[in-house]
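Peer 1: What follows is the residue order along each chain.
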Amino acid sequence: SQQGEEDPQALSIQEGENATMNCSYKTSINNLQWYRQNSGRGLVHLILIRSNEREKHSGRLRVTLDTSKKSSSLLITASRAADTASYFCATDSGGTYKYIFGTGTRLKVLA
Amino acid sequence: EAGVAQSPRYKIIEKRQSVAFWCNPISGHATLYWYQQILGQGPKLLIQFQNNGVVDDSQLPKDRFSAERLKGVDSTLKIQPAKLEDSAVYLCASSPRVQETQYFGPGTRLLVL
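Heads up: the sequence lines are chains R and Z, in that order.
Be aware that the first sequence starts at 1, since it is given in the working numbering, and climbs by one per residue.
Be aware that the second sequence starts at 1, since it is given in the working numbering, and climbs by one per residue.
It should be emphasised that the hints constitute simulated quantities derived from the structure, not laboratory data.
This one's a predicted model, so the numbers in the text were calculated from it and none came from an experiment.
Treat the hints with care, as some may be off.
Claimed, not checked - In silico contact screen, one side only, chain R against chain Z (beta carbon under 10 Å); selected entries:
# : residue
1 : Gln37
2 : Val44
3 : His45
4 : Cys89
5 : Ala90
6 : Ile100
7 : Thr103
Where is the CB? At the ideal position from N, CA and C, for every residue including glycine.
Just chain R, with the same shape it has in the complex (with noise of 0.2 Å):
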């Protein structure tokens, strides 16, 4: 079964909107990452939080954790058309460090 999904499956903003998509997980984790995937290419790495952490930044991105209800969020703010991807959440499974995908949030960003 996954250990992270991803929700919504598919979001359709307007440039310069915010866009939030959330990951929720079944058992305890040491790291969550965040990737986008644009069409027909590989894996970008955004951003890797630790189970100790509860938010990150990285430019435009906010990732927040938290622990208690096994979820994370993740969020673009004044969104580009070029933000439209797939963006995956992974998460490890305890102290496993294999890295389980979720089913991705499709972005789309309408210029």
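The hints should help you fit chain Z onto chain R, whose structure is shown.
Peer 2: For chain Z alone, kept in the frame of chain R given last:
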């Protein structure tokens, strides 16, 4: 710094044929991963190497898939014989250590007819 290299980028084969994919990780990265990504799904880990040893291959269909990592650097993934359901993108990734960020290659898109 050069990224993860994979070849070929595309491959079309008939079912029951064999195919091999090659991956060259980022220099100095001890951990190497092979993932299978079926259209519309997230990547699924097939096998994870630490240097030239296998850490996890629990989701590798061992009756048809095999992988090796030569001298703890390059790696090859082989499918023999291929089935229609093997059509997917095969992604290779590497990281300095198991806990660290994974860097992905561009992938090999396989179509089995």
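Peer 1: Answer holds if the nearest beta-carbon of chain Z is closer than 10 Å to that of R/Thr103; otherwise answer violated.
Peer 2: holds, 5 Å
Peer 1: R/Ile100 was flagged as interface toward chain Z. Is the shortest Cβ-Cβ separation under 10 Å?
Peer 2: holds, 7 Å
Peer 1: Using 10 Å as the Cβ threshold, decide whether R/Ala90 counts as touching chain Z.
Peer 2: It holds, given that the least Cβ distance between R/Ala90 and chain Z is near 8 Å, below 10 Å.
Peer 1: Restraint: R/Gln37 near chain Z, CB-CB cut 10 Å. Satisfied or not?
Peer 2: It holds, given that the least Cβ distance between R/Gln37 and chain Z is near 9 Å, below 10 Å.
Peer 1: Holds or violated: the hint that R/His45 contacts chain Z, with Cβ atoms closer than 10 Å.
Peer 2: Given a least distance of 5 Å, the restraint on R/His45 holds.
Peer 1: Min Cβ distance, R/Val44 to chain Z: is it shorter than 10 Å?
Peer 2: holds, 7 Å
Peer 1: Hint validation: R/Cys89 versus chain Z, beta carbon distance must be below 10 Å. Holds or violated?
Peer 2: holds, 9 Å
Of the numbered hints given earlier, the model fails none.
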